[in-house]
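Model the placement of chains V and B on the given structure of chain D, informed by the hints.
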Amino acid sequence: MELVDEIRIKADRDTVFAALNDIDVLQRAIPGCEKLEAISPTEFSGVVVAKVGPMKARFAGSVTLSDVKAPESYTLVGAGKGGVAGFAKMRTLVSLVDEGDSTLMRYEVKADIGGKLAQLGGALITKTSKKLAGVFFSNFEAIVNGENEPSSE
Amino acid sequence: MASKATPDNGSWMGSRLPRREDLRLVTGQGKYISDIVLPRMAHAVFVRSDYAHAKIVSIDTSAALALPGVISVTTGADIVDEMRSMPQPVLLPNLPAKYPTFYPLSVDKVKFHGAPVALVIARDKYTAEDAVELVEVEYEELPAVVDPNAALEPGAPLVNEDHPDNEIFSMTFTGGETQAEQDENDKAVEEIFNSADAVIKETFRVHRTGLTPMEPRGVLCDWSESDGLTAWITTQRPHIDRLALVDLLDIPAERVRVIAPRDQGGAFGIKAPFYRENVIIAHMARKLGQPVRWIESRYESLMNVGQERDQINTLEVAATKDGKLLALRNRGVADNGTGETGVYWGFLMPFLGAHEIPNTYTWDKADIKLRVAVTNKACLTPSRAFGHFPTRFAIERGIDIIAHKIGMEPADVRRKNLIPELPYTSVTGGYYDSGDFLKVWDNLMSHVDLANFREEQAKARESGRYIGIGFGTGVELSGMASEVLVPMENQPGYGAASIRLDPRGTVQIFGGDAPGGQGHETSVAQVVASAFGIKPEDTLTTTGDTATTPFGAGTIGARGASYFMSAVHNACVELKNKIVRILAHDLGISAQPDDFEFSNGEVVLRSDSSVKKTFREIVERIIMHPINMPDGEVGGLEATVFFEAAKPMICFNADLCIVDVNIDNGEFKITRWVSSEDVGNVINPLIVDGQMQGAIAQGLSNTMFEEFIYDDQGQQLTADFENYKIATAADLPNIDVTYAPTPCPHTPMGTRGIGEGRPSSVPGALCNAICDALKPFGIEITELPVRPNAIWKKIQEARS
Amino acid sequence: MKNIRVNINGVAYQETVPVRMLLVDFIRETAALTGTHVSCTYEGVCGACTIHLDGEAVKSCLMLAVQADGHEITTVEGLANGKELSALQQAFNDQHGLQCGFCTAGILMNMTEFLDKNPDPTDDEIRHGLVGNLCRCTGYVHIVNAVRAAAKSRLSEA
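Chains as they are written, first to last, in our numbering: chain D, 1 to 153; chain V, 1001 to 1800; chain B, 2001 to 2158.
Next comes chain D alone, as it looks inside the complex (with noise of 0.2 Å):
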C-alpha cells in the first residue's frame, strides 16, 4: 500500500521537527497509542489499538528513526504484529518544507500488510490509512499549537 500526502502545519520548521521527536507529543496524537516508550533516542516501542473494518486489533511493534536531516526530513522504518489480525510493515518519509510561520509536511508511506488484515482488501486498508493519518495529523497540529484535546477517533 502506498500512501503520499501533504499537509501544512501552522508553526514552525523548527518547532515542528522538535515536536515529531518527541515522545510525549507522539504518543498523544497517534490514534489509538496505548503506550509509547523510547528504548533509545531512535527507537520507539509501543503498543496501539486499531481498528480497520470489522477488525479491531491490539498492534505492538516499535519504530526506529533512520536518515536524520534536521530539521529537513527523516525516515520511520516501524513493524507491528496484530495477532490473529495480522502484521504490518512500514516505510515513512517525512520531509518539512519551511513557510517561515508554517510548514508544509509532506509524507511518503510504503506499507506492507499481512494476514487477515491483508484479506479485507486494498481500498479498505487504504482508507483506513488515511482516515487515521488524517486524524494523527490533526492532533499533532493541535498539540504543537498548545490546543487541547486530541481525539482518538
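Read the hints as simulated data drawn from the structure, not as lab findings. Given the structure is predicted, the values throughout are model-derived calculations rather than measurements. Just so you know, not all the hints are guaranteed correct.
[Said to hold, decoys possible] Simulated restraints on C-beta separations:
1) 1734/V <-> 2062/B: 26 to 34 Å
2) 1203/V <-> 67/D: 38 to 46 Å
3) 2007/B <-> 1636/V: 49 to 57 Å
4) 1799/V <-> 124/D: 29 to 37 Å
5) 91/D <-> 1799/V: 34 to 42 Å
6) 1136/V <-> 2116/B: 50 to 58 Å
7) 2070/B <-> 1734/V: 42 to 50 Å
8) 1161/V <-> 72/D: 41 to 49 Å
9) 124/D <-> 1136/V: 23 to 31 Å
10) 1194/V <-> 53/D: 40 to 48 Å
11) 1636/V <-> 2155/B: 49 to 57 Å
12) 1446/V <-> 2122/B: 27 to 35 Å
13) 1681/V <-> 2007/B: 46 to 54 Å
14) 2080/B <-> 1601/V: 54 to 62 Å
[What the hints assert, rightly or not] Calculated Cβ distances over 12 Å to all of chain B for the following chain V residues:
15) 1034
16) 1063
17) 1188
18) 1199
19) 1779
Even glycine gets a Cβ: it sits at the ideal position worked out from N, Cα and C.
Same frame as chain D, but now just chains V and B:
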C-alpha cells in the same frame, strides 16, 4: 423408491433413470464427513502461517494449553521424530523431479501464506478456535518468491532449501527420448516455421483458479490398540491414502482402514491428492487414544487447496495459406506453489497440460517444452481439466488467431485439421483409441447455420450491436490405463469390482473408488440390472471403504464408466456364465451362456421360453444348496474382477458459443451454448447431461470470475467466497448438450469415461466468440480471466 | 450460557447454549440434524445453511442460536410429509437437480419459499432467485428445470 423410467428391451442401458442417491440427499439424510460423530471425539483446528516465507523462530503454546478444554497443542518440532517425512515412494510419480522433504506441520520455516504450523486439539470446536488465537508464533521473515519466472532466475531465494534451485520439473515433450533426437526435431520444427505461409506467436496467460467443491475437506481418525487405525477422509482414492498412512506412520498395512464417506460434497480433483492433514490427525488420534476430527473451514480451503491452472504458454503455430496446420512450438512456464502435496506435487498438472497441447488436430511436427517453478504459494492441486485448461485455451485461441491471419473461418480451419481417423498417436505420444471427430464436429455444426449467422452479424454491426460465435474442441482422457498411470503416478489404472449375489436374488456391488456426486450407485445399478434382468432397486453399491472393497486407484481421470463399470459388467458376466453352467446341468441340457436370457427376474432358455427358472431360485440354489453340482463346480456366487482396457482411451467434445458484447462497457452475454459429445454408449443420459453441463459451467466460472490473487509479498488475498467469486445461476447461460457417439471398442459396454477434462475447451470457445464479435476492433484475448473491464480497455486501445 | 426454547420441524427443544453459538451449529450439533450444511466460513454467501425461521428463508450461519429462542425452525428434514416428498423434492429427483447434494438442502429451503411467493416464475426469475445458493456440480441447468417442474406441479395441484 419407484422407478420412473422403464427399461428398454429389458436393458437399463440408456435409461434416464432418476437417481437412487437422491432420496437421502433431498431429505437431509446424507452422511458426509462432518455428519459423522464418534463418542469422545475431539476437535482439531490448525494454526496457520500469516507469512508467505519465514523462519519459525519460536512457538509458545503455553497460553493455549492453559485454556480449559484444550487437550493438546502440537508443533512441527514435536513430531519430526515420531513419523517419516514425505516424500514416500507410494506417493511419488515415476518422473524425475525435485521432490521437497516435508512433514505435516511446518518445520524450521513456513513456505506459503496458510501453511500449517501447529495443531490444537480440544474437546469442542469453539474452544479449539479460541486456543488457536492464543498460540504465539515468532517468525523471521524471508523474501517471498511469487513469480514463476523470477523464481527460475539464478540467485532467486530458495523455496525448498534441500534443492539447488526453484525448478521442480522440466521436460521436452517432443522429438524423442535423447537430446540428439530432440535437437533434430527442434531444428525440423524451426525449418517449418521459416518456410510456412503463415505463422503466429502469442503468449497466453491463465490465472490461478480451480474447482474448490462445496464441501471442504475433513479427516476423522479413530485408533484402537486391537483394530488399528480407522480413518474417514474426504478422498477420491481411499486405497492409496491407506498405503500412504501405512508407510508414513509405520502401521501394519492390514490394520489401517480408510473410509471415504458414502456422501461427499464434490471433489473435481481437489480430493485426489494425499494431504498432510491426514497424517497428523491420524498420528494424534493414535497418540491421544481418542477420535480426532478436523473439518476444513472454507477459509482454510481457499488458502490451501483448489488452486490450479496458473500457466504462461508462449505458443507459435505455423500453417499453409489454405489453413493446413503444420507445426506448433510451445514454451510453458507453470507456477507450482510449494510442491508439498503427495501424489501430484503440483507439477503433474502442467505436465499433462503440455502433453495435451496438440489436442484434436493433426500436426506434422511439434516442439513442446515445459518448466515448472516452485514459489511461496499454496501447492497446485488437481482440478477438472487437469493441467490442460491453460494449454487448451492457448491452442484453441491459437487456431482462431492463425485463421484470422490467413483470412479463413476458424470453424473451417478446425474441420480441415481434425484428426480424420482413429486410432491416432499425437506428436507427444498420446494415444487416441477410437472415435469419429468429424462426426462430432458435423453434429455440432448442424446446430447452427454459420452462413446465416455471418449475415446476422454483419447486419447487427451496422446497427452498433456486436455478436460473435466461437468454437472449441477437446480430446479428453477416458480413464487412465496402467500404462499411463504407472509412469505418471506410480499407481495402477485397472478398474475393480466385487459382485456378491444374495440368496434372495438381490445383488451387492463393491468398488474401491470413491465418488462425490457422479451418481455411480445409480449407473452401477443400471449395469447390474441389465446384466441379470433384475430391477435396479434390487442392488446396493458400496464404495470407498478399503476394508470391504477391492483395490482401486480412485475416482480420478474419468475412470467411472470406462474402468470401474466395465469391471462391474465383466464380474456380472462371470457370474452369469456360472449360473448358466449350473442351470444347464440341472436341466440336463448342454448350453452356452448366450443360450439363456436374463430378463424380468427370470433366466429363460431362448429356444424354448417354457424352460426357465426365476433368478432368485437359481441363485439361492447355487449359494444355499450346492449339491448335485456339475463336475469341478463349487457353490457360491461372488466375483471380483479387475478390468484393464487393451489401449488408453479417450472421449471427445466440441463446443460452440454465441455472445453479445456491449462495447460501451465490455459486458458480454452468452446467448447460446451448444456442445457435441462423443462419450460412447451412455448408461444414464440424465446423469451424463448433468456432468457435461456442470463441467461447462465450471469452465465458464473459472474463465470469467474465479481468481486466486497473491500480492507481491505472497499474501493470499482471496480466501472467502466474497472475494473468490463462484458463478451463480444468474451468471450462467442455459447449456444444450447434444451427442454424436461412437461406441468404444475397448470396453465391454462400449462406454467411455467422461467428465474429467470437459471444462478445457470452454475458455477457448468463449474467448473466440468474444474476439469474433469484436473483430472490427482487431482484438485478440490472450489472458484470463476475461472480464468486462479488460475487454472495455482493449476496445478503447483499439479505437485510439 | 443461555437457556433457549426452539421448535424444529415440530419438535420442541430446550437447551442451554453458549451465547456465541451459531444457529447452524445448534441445528447440526445440538439438535443433530445434519441435513443443513456449512460451505462458506459463515459469510452468508453460499446458502447451504438456509432454513426457515417462522416460514421465512434465512441463512442459519448468520444467526446466533439465542436469537432463535421462542421461534419455529424448519429444516430440510421437515420438508417432506412423512414419506411423501414435497413437489420440489420430487421434482429435484425427477429432473436430476442434484449431484453431490451438498448445496441441495439450502436450495430446497430457499426455493420452497420462492415458489410460495412466486408460484409461476420465468426461468430468468428462477435463476435470480438462486443467486444466494452456490452449486458447483450441476451448472444450475437441471436445478432450474426442477424448480420449473415443481412450480407446474404445485399449480396443477392447487
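Status of the hints after comparison with the structure:
{"no.": "1", "hint": "1734/V <-> 2062/B: 26 to 34 Å", "in the structure": "31 Å, holds"}
{"no.": "2", "hint": "1203/V <-> 67/D: 38 to 46 Å", "in the structure": "41 Å, holds"}
{"no.": "3", "hint": "2007/B <-> 1636/V: 49 to 57 Å", "in the structure": "53 Å, holds"}
{"no.": "4", "hint": "1799/V <-> 124/D: 29 to 37 Å", "in the structure": "34 Å, holds"}
{"no.": "5", "hint": "91/D <-> 1799/V: 34 to 42 Å", "in the structure": "41 Å, holds"}
{"no.": "6", "hint": "1136/V <-> 2116/B: 50 to 58 Å", "in the structure": "52 Å, holds"}
{"no.": "7", "hint": "2070/B <-> 1734/V: 42 to 50 Å", "in the structure": "44 Å, holds"}
{"no.": "8", "hint": "1161/V <-> 72/D: 41 to 49 Å", "in the structure": "44 Å, holds"}
{"no.": "9", "hint": "124/D <-> 1136/V: 23 to 31 Å", "in the structure": "27 Å, holds"}
{"no.": "10", "hint": "1194/V <-> 53/D: 40 to 48 Å", "in the structure": "58 Å, violated"}
{"no.": "11", "hint": "1636/V <-> 2155/B: 49 to 57 Å", "in the structure": "55 Å, holds"}
{"no.": "12", "hint": "1446/V <-> 2122/B: 27 to 35 Å", "in the structure": "29 Å, holds"}
{"no.": "13", "hint": "1681/V <-> 2007/B: 46 to 54 Å", "in the structure": "51 Å, holds"}
{"no.": "14", "hint": "2080/B <-> 1601/V: 54 to 62 Å", "in the structure": "30 Å, violated"}
{"no.": "15", "hint": "1034", "in the structure": "7 Å, violated"}
{"no.": "16", "hint": "1063", "in the structure": "20 Å, holds"}
{"no.": "17", "hint": "1188", "in the structure": "43 Å, holds"}
{"no.": "18", "hint": "1199", "in the structure": "38 Å, holds"}
{"no.": "19", "hint": "1779", "in the structure": "28 Å, holds"}
In this structure, the earlier hints numbered 10, 14 and 15 are contradicted, and the remaining ones agree with it.
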